[in-house]
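A.B. asks: So the chains spell out like this:
Number of protein chains: 2
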Amino acid sequence: MSITELPPTTVSPAYERLSAARKAEVVRELSNVLGERYVLHSPYDLTLYEYDASIDRGKPDIVVLPATTQDVAEIVKIAGRYHVPIVPRGAGTGLSGGAIPIYGGIVIVFTRMNRILEVDVDNLRAVVQPGLVNLHLSVALGPQGFYYVPDPSSQRSCTIGGNVGENAGGPHTLIYGVTTNHVLGLEVVTPEGEIVEVGGTTYDTPGYDLTGLLIGSEGTLCIATKIIVRIVPLPEAVKTMIAVFDEMDDASNTVTEIIASGVIPAAIEMMDRMILQAVEADTHAGYPMNAAAVLLMETEGLKESVAEQIEQIVSICRKHHARVVRIAVDEAERQLLWAGRKNAFGAVGRISPEFYVQDGVVPRTKLPIVLRRVSEICEHYGLKVGNVFHAGDGNLHPLILFDSQIPGEVERVRQAGREILEVCAQAGGTITGEHGVGLEKQAEMALIFSDTDLRIMQQVRTAWNPRQLFNPGKLFPLPGRCADIKQL
Amino acid sequence: MSITELPPTTVSPAYERLSAARKAEVVRELSNVLGERYVLHSPYDLTLYEYDASIDRGKPDIVVLPATTQDVAEIVKIAGRYHVPIVPRGAGTGLSGGAIPIYGGIVIVFTRMNRILEVDVDNLRAVVQPGLVNLHLSVALGPQGFYYVPDPSSQRSCTIGGNVGENAGGPHTLIYGVTTNHVLGLEVVTPEGEIVEVGGTTYDTPGYDLTGLLIGSEGTLCIATKIIVRIVPLPEAVKTMIAVFDEMDDASNTVTEIIASGVIPAAIEMMDRMILQAVEADTHAGYPMNAAAVLLMETEGLKESVAEQIEQIVSICRKHHARVVRIAVDEAERQLLWAGRKNAFGAVGRISPEFYVQDGVVPRTKLPIVLRRVSEICEHYGLKVGNVFHAGDGNLHPLILFDSQIPGEVERVRQAGREILEVCAQAGGTITGEHGVGLEKQAEMALIFSDTDLRIMQQVRTAWNPRQLFNPGKLFPLPGRCADIKQL
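As they're listed, the protein sequences go chains W and C.
Quick note on numbering: full-length UniProt numbering labels position 190 of the first sequence as 190, and the sequence is numbered without any gaps.
Quick note on numbering: full-length UniProt numbering labels position 64 of the second sequence as 64, and the sequence is numbered without any gaps.
Any given hint could turn out to be false.
One copy or two, it doesn't matter: identical chains are merged, so the pair holds either way.
Cut-off 30 Å, straight-line C-alpha distance, at most; resulting in silico cross-link-like pairs (BS3-like, lysine-lysine) [said to hold, decoys possible]: (1) Lys-239 to Lys-384; (2) Lys-226 to Lys-77; (3) Lys-319 to Lys-226; (4) Lys-319 to Lys-303.
Read the hints as simulated data drawn from the structure, not as lab findings.
Looking at chain W on its own, in the form it has when it is part of the complex (with noise of 0.2 Å):
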C-alpha cells in the first residue's frame, strides 16, 4: 500500500470512554503487571493529572507508574486490547498540552524510571530513563567537569523523556542545537508492544534516522524508555553580560549584527520593559525597569577566547547605542541574571492572574518587524504583551496577559496568539521553536505546511500508530475533541 494510498487520517478514530465496568477490568489487569500502588483510578488521585503547563485540560481514566520498560510494554499491550488512547508524561510542564489526555484513557508518568544507567565520559555519552529530570543529569555529570547541553528554562523540573517527545530547546540552543542535536539513540516502545532500540552511540547510524524521527513526534509514533545522550565538558571560562537598550530595535540589530560578524555567543536573550518590570519586582536581579529592551548575552569557551568575543560583542552593542553593558563580576551576579530570566514566566504571574505565551520563529532579520507588529496586534486586541525571548534564534516568546473572568477576553487572547503566528509564518518564520504543537497549533500547521506536506506526516503516522491510540488528537487537526477540554 503506498503512503499516499493509506486512508486520510484527519477523521477522529472512535474511543468511547471507558464504562466502570470496563474501567474495573482494565486497572485490575495494569495492577497484576505493576502492583495496585502504582495504578491511579480515584478520581481524586487522577486530578493532578488533567493539566499540564498550557491552557487545555482532559481527564485521564487511570494513571500508570511504570518502573522498567518492559513494564511500558505490558501497558502499551493491554491498552491496546482494550482500545485505550496513551498519554505519556514526564513533568507536565509542557507549553502546548502534549500530555493533555483529550480522550482519556492511561496516562504514563515516569516519575520511577528516573535513573541515570550508564555514563562513559571518555566517549562523551551517557544513557538516562526518560523521568530523569533534565538538570539532575548535568548536576550528577558536574564533579567530572561535564554537563547536559539542552536546557529549557523548566530544567529544574522538566524530564528528558518529556525533551524528547517536543525536540525541546532553551537559551543555548543558539549554539548548540536542539534537543535533537544532543540525542544519539533511544530504546522505545511501539503502538504494537515492541521493545525496538533505534540510533545508537556513535553520531550517525546506518539505515534510516529513525531516532530523529521520533524525537519531536509529541508522543504521536512511540514511547521513550531509554535515551542515549551527549554530554560534553563544561567550559573553562563562562562570562555573562547585559545590554541596555533604549529602543527595541537597537536591541533587535545588535542581535542580528553580532551573529552576522561571525561572533556566535552561546546564548542572547532579549526582554522587554513589560518583562523588565516584572522580573526585576520579582528576583531583583539588578536588571533595570526603565529600559525599552535588555540583551542577557553569554559567550563561553577558552578563556582567551571569551575575552576577546566579550570585547567583539560590548563594540557592536555600543556602535548600537547600549545605554549600558555589564559583565558580571562573579558567578552569583552571573546566577542571579540568569534566575532573573529563566524565572521570567513565573513573574509574570505577579501582575496578571494569567497569561499566554507564544513561541513562534523568525529570521533573526525581521525581529524589529515583527516584534511591532505583535505590538500592533496586542494593542488592537486591548491586551498586554510582554517579550521575554532566545533572540539569537529568532524564537519569540509573546508573553500576553488577560483575565479569563472578563467575558471575551480570553477568545481575544487566541486570536492575537493566531494573528502572531501567521506574522510570524509571513516573515518567512515557523510556528513553534521549542514548545510544539500538540493541541494548541493543529490548526496553524497549514500556515507552513501544505495539504500534501501534512499528508505525508500524517501517513507517516497512520503506518507506525494505526489505531492511533498514542497520544490521539495532538499534531494534528481531528474533528470532534471531547467537551471536556476547558473551553478558553
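Please build the complex by placing chain C on the supplied structure of chain W, with the hints as guidance.
C.D. replies: Then chain C, alone, in the frame of chain W:
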C-alpha cells in the same frame, strides 16, 4: 494497516529488464519532457554510469539529465507507469555502491541542477540544487566570509545532493557533525511524483522531522531537488599541526586524552606507516616515512583560543611520547598537509593495483585494540592494510590492498572486510561512519540491528516507496541480485 502488519520487504520485487521496444517508448516519453539531448540511451553513453567509487557495477537502461524539479517529478511519473527502477546519482564518488543501478532502469544525473539558488548571509542560510559540487558552495561564500562545513575528502567533485543521500561526513565532523546537522530543509520528489517540502529555514520545524528521516536514506525514499543548508562564518584563525609517533597505541591514547580533556579540535586524523609512505611518495607533504603513526590535527576559532588549544594538544602529545610535534607555519604548509591527507586514497593507487576501503566506527577508547585486530585479520588473510581515518570520531578507514588478478584474493578481501566490521560491532561501534550501506553492507546491518529494528526500517521504506522503484536493492538485503553485477 499497522506498520508491523505490512508485508515483509526482503522479497525481491520483480523488475523485468526493459525490452527494446518498451525502452524506445520510455525514451520517447522522457525525451518529450527533457528534450532528446538530455536522455542518454546508447550503450556507449551509458558506460560511464555503470560504476561509482565502490567495487560494484550495474548497467542502466537510460540516463536522464533533468533541469528542474518539475522535470524530476515527470521522470518519476513516467518510470512509475512503466515500472522502471530509478537511481539518483550525484558525482558517482560514493564508496558503498549507492549509485549503482543493479536492476537497470533510469539513472537521474543532476549535473544540470547545480545552482546556488539563494544565499542569506544575515540568517546564515543558503538554498542549493542537488547537483552543486560541495566545494563550490564554500568557494562562492568565501568572499563574504562564510562557508559550508561538511567536507568529505571527495569535496572537489562530490555533490551536495549525494552528500544528503549518504549523510556524508568528513574530517571536520568531529566538532561540527555530519550532513544532517547542516541541512535544515529539503524539497523532494516522492515515489508518486509529488513535490513535497520538509523542514524549513529554522532549526526546529513543527511536526515530524522528515528532513532527518530522508537525509541518509540513500535514495530509497525520495529524490531531493532543493536543499536548504546552514552556512557559518569562516573562523578567525586556523592552525594545523602534525604529531609523529613511534607506536600506534601512543597515537590512539593521545586522541582519547585530547577529547576527554575537553579540548575538541576541529579535526583529528590518523595515518599509519603504510599510508604515510604512500602519501609522501605522492604528495611530498613533509610527512615522516618511518613513523608508526601521525596525527594531523586542526583547531580553529578566535586567535587566542586557538593558541591555547595548540598548547594543550602539544603537551598531551608529548606526554604520550610524540617524537615530533610540528605546527604548519603558514597557509601553504597547512594546505600541503591537508592535500597529503585528502589525496591519501589516490596515493595508495601508486603502490597497489586495487584497494578496498572499509568504514567502521568504534568508541575512541577502543582504538588501540581494534587497530591491532585489523592488522591481525589482514595478516591472517595475507593482505596488506593501511589506516587513514577520522581518529577523533573513532571512524576507521582501513585500506586493504589487493590485486584481483590473483585467484581468490578478492574473496579474501571481502572476508577480511566483514571480519573487521564484526570487530567494530563487538567493540560497541557500527558498520559505517559516513560511506553508507548501499550495496556493500546490506548483510552487515544484522550485526548492529535486531530483526525487529530492521523490520521497522524496512516497513518505513514500504510505506514511502511501496513498489520499491526508488533505488531498489540498497540498504536492506534483497535476494536475487542481477547477474551483471561485477562479481568480485
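A.B. asks: Now look at each hint and say whether the structure bears it out.
C.D. replies: Hints, one by one, checked against the model:
no.	hint	verdict
1	Lys-239 to Lys-384	neither (33 Å within a copy, 52 Å between copies)
2	Lys-226 to Lys-77	within (19 Å within a copy, 42 Å between copies)
3	Lys-319 to Lys-226	neither (49 Å within a copy, 38 Å between copies)
4	Lys-319 to Lys-303	both (25 Å within a copy, 23 Å between copies)
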